[in-house]
Amino acid sequence: MSLPPKIYVAGHRGMVGSAIIRHLLKSGHPEERLFRRTRDELDLTDQKAVRDFFHAESPDLVYLAAAKVGGIHANTAYPADFIYRNLAIQANVIDSAFRCGVKKLLFLGSSCIYPRLAAQPMPEDALLTGALEPTNEPYAIAKIAGIKLCESYNRQYGVDYRSAMPTNLYGPGDNYHPEDSHVVSALIRRFHEAKLAESREVVIWGTGKPRREFLYVDDMASACVHIMSLDKPLLDRHTRPMLSHINIGYGKDISIAELASLIQETVGYRGKLRFDTSRPDGAPRKLMDSARLGLLGWRPVIGLRQGLKRAYEDFTANHALPA
Numbered sequence: 002m003s004l005p006p007k008i009y010v011a012g013h014r015g016m017v018g019s020a021i022i023r024h025l026l027k028s029g030h031p032e033e034r035l036f037r038r039t040r041d042e043l044d045l046t047d048q049k050a051v052r053d054f055f056h057a058e059s060p061d062l063v064y065l066a067a068a069k070v071g072g073i074h075a076n077t078a079y080p081a082d083f084i085y086r087n088l089a090i091q092a093n094v095i096d097s098a099f100r101c102g103v104k105k106l107l108f109l110g111s112s113c114i115y116p117r118l119a120a121q122p123m124p125e126d127a128l129l130t131g132a133l134e135p136t137n138e139p140y141a142i143a144k145i146a147g148i149k150l151c152e153s154y155n156r157q158y159g160v161d162y163r164s165a166m167p168t169n170l171y172g173p174g175d176n177y178h179p180e181d182s183h184v185v186s187a188l189i190r191r192f193h194e195a196k197l198a199e200s201r202e203v204v205i206w207g208t209g210k211p212r213r214e215f216l217y218v219d220d221m222a223s224a225c226v227h228i229m230s231l232d233k234p235l236l237d238r239h240t241r242p243m244l245s246h247i248n249i250g251y252g253k254d255i256s257i258a259e260l261a262s263l264i265q266e267t268v269g270y271r272g273k274l275r276f277d278t279s280r281p282d283g284a285p286r287k288l289m290d291s292a293r294l295g296l297l298g299w300r301p302v303i304g305l306r307q308g309l310k311r312a313y314e315d316f317t318a319n320h321a322l323p324a
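If you count the sequence shown from 1, you need to add 1 to reach my numbering.
It should be emphasised that the hints constitute simulated quantities derived from the structure, not laboratory data. Check each hint, because a few of them may be wrong.
[Unchecked claim] Computed cross-link-like contacts, BS3-like style, restricted to lysine-lysine with a CA-CA straight-line distance of at most 25 angstroms:
1) K105 / K49
2) K253 / K310
3) K105 / K69
4) K7 / K105
5) K49 / K69
6) K310 / K273
7) K105 / K233
8) K49 / K210
9) K233 / K104
10) K49 / K7
11) K210 / K273
12) K104 / K49
13) K7 / K233
14) K233 / K149
Construct the complete structure from the given sequences, taking the supplied hints into account.
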């Protein structure tokens with residue numbers, strides 16, 4: 002009997018990587034065939050360290066979920082960090098995987114790869130058809146480079162490196178930093194703290210009009226494992242050598258104002274909402290066209306209301322200060 006593949010999940014402590022680990026273990030993959038390294042154990046921006054790791058462990062499959070991520074504030078404040086760290090991580094992991102014989106890899110990107118004013122919902126072929134959203138352009142360019150890096154290694158060396166572009170994610174393992182977090186986790190923390198402090202109002206950045214799509218992170222993980230499990234001939238019928246990435250979305254979007262009201266209800270905060278229109282909105286709308294993944298046999302199962310309830314339970318259990 003052949004052994005199950007050795008799988009390396011880069012970024013296993015992050016929201017995405019930890020969800021992939023959960024899904025693999027739940028699916029019965031042996032713990033001893035899963036490889037993880039913390040940032041202290043392996044700096045993915047260090048080319049030699051990454052090459053040494055791949056030579057020593059020789060994984061069969063790689064999920065590249067490691068990345069520097071953040072919301073509008075973090076992207077605006079640290080653009081050099083976002084482009085450099087993500088480019089370095091991607092280049093080191095993908096090239097080291099190739100040099101050590103890894104035949105199959107999945108690179109995780111982001112919906113911000115698409116133009117700011119892309120047609121909605123955004124299909125995969127909208128890539129590189131217009132200007133990016135300025136607030137996260139450095140991060141987006143790094144992620145586009147990751148897609149093209151995978152495609153280039155496929156074309157030149159005949160490996161099977163795939164790319165998946167998830168929509169906005171939320172759920173267990175999210176970042177709840179007061180300034181650097183994404184919108185769902187930022188609002189969960191803000192409403193929770195306002196409830197404890199009995200604040201009269203909560204301030205929301207922007208006008209509340211932009212529309213966003215949100216996918217529970219465990220749904221995203223199941224999609225990633227599904228994409229990795231697809232036979233290459235089937236995948237090749239739905240992709241092209243230079244348009245190979247696949248969108249992972251929920252299929253519906255919601256305004257930021259509607260999202261705030263839903264999180265307010267989930268948390269149980271009874272004060273008022275005030276929108277600070279001096280703050281940036283970001284792109285007016287971001288909805289993924291996930292028809293390609295639907296044709297390949299995957300659908301999300303966790304609705305937004307249910308997912309927010311689970312996310313808030315995770316926050317109060319693992320992130321919130323005691324009342």
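Hint by hint, here is what the structure shows:
Distance restraint check for K105 and K49: the Cα-Cα separation of roughly 21 angstroms lies within the 25 angstroms cut-off, and the hinted pair is therefore satisfied. Distance restraint check for K253 and K310: the Cα-Cα separation of roughly 18 angstroms lies within the 25 angstroms cut-off, and the hinted pair is therefore satisfied. For the hint linking K105 to K69, the alpha-carbon distance of about 23 angstroms falls within 25 angstroms, and the restraint holds. Restraint check for K7 and K105: the C-alpha separation of about 11 angstroms stays at or below 25 angstroms, so the hint holds.
For the given pair, K49 sits about 20 angstroms from K69 by alpha-carbon distance, which is consistent with the 25 angstroms threshold. The hinted pair formed by K310 and K273 meets the criterion: a straight-line CA distance of about 21 angstroms does not exceed 25 angstroms. Of the pairs offered as hints, the one joining K105 and K233 holds, with about 10 angstroms between alpha carbons and a cut-off of 25 angstroms not exceeded. Our distance criterion of 25 angstroms between C-alpha atoms is broken by K49 and K210, whose separation comes to about 46 angstroms.
Distance check on the hinted pair: K233 and K104 sit about 12 angstroms apart at the alpha-carbon level, within 25 angstroms; holds. Our distance criterion of 25 angstroms between C-alpha atoms is met by K49 and K7, whose separation comes to about 21 angstroms. Our distance criterion of 25 angstroms between C-alpha atoms is met by K210 and K273, whose separation comes to about 17 angstroms. Note on K104 and K49: the hinted pairing holds, with a Cα-Cα distance of about 21 angstroms set against a maximum of 25 angstroms.
Distance check on the hinted pair: K7 and K233 sit about 19 angstroms apart at the alpha-carbon level, within 25 angstroms; holds. A distance of roughly 18 angstroms separates the Cα atoms of K233 and K149; the hinted pair therefore holds under the 25 angstroms criterion.
Violated hint for the displayed structure: number 8, the only one.
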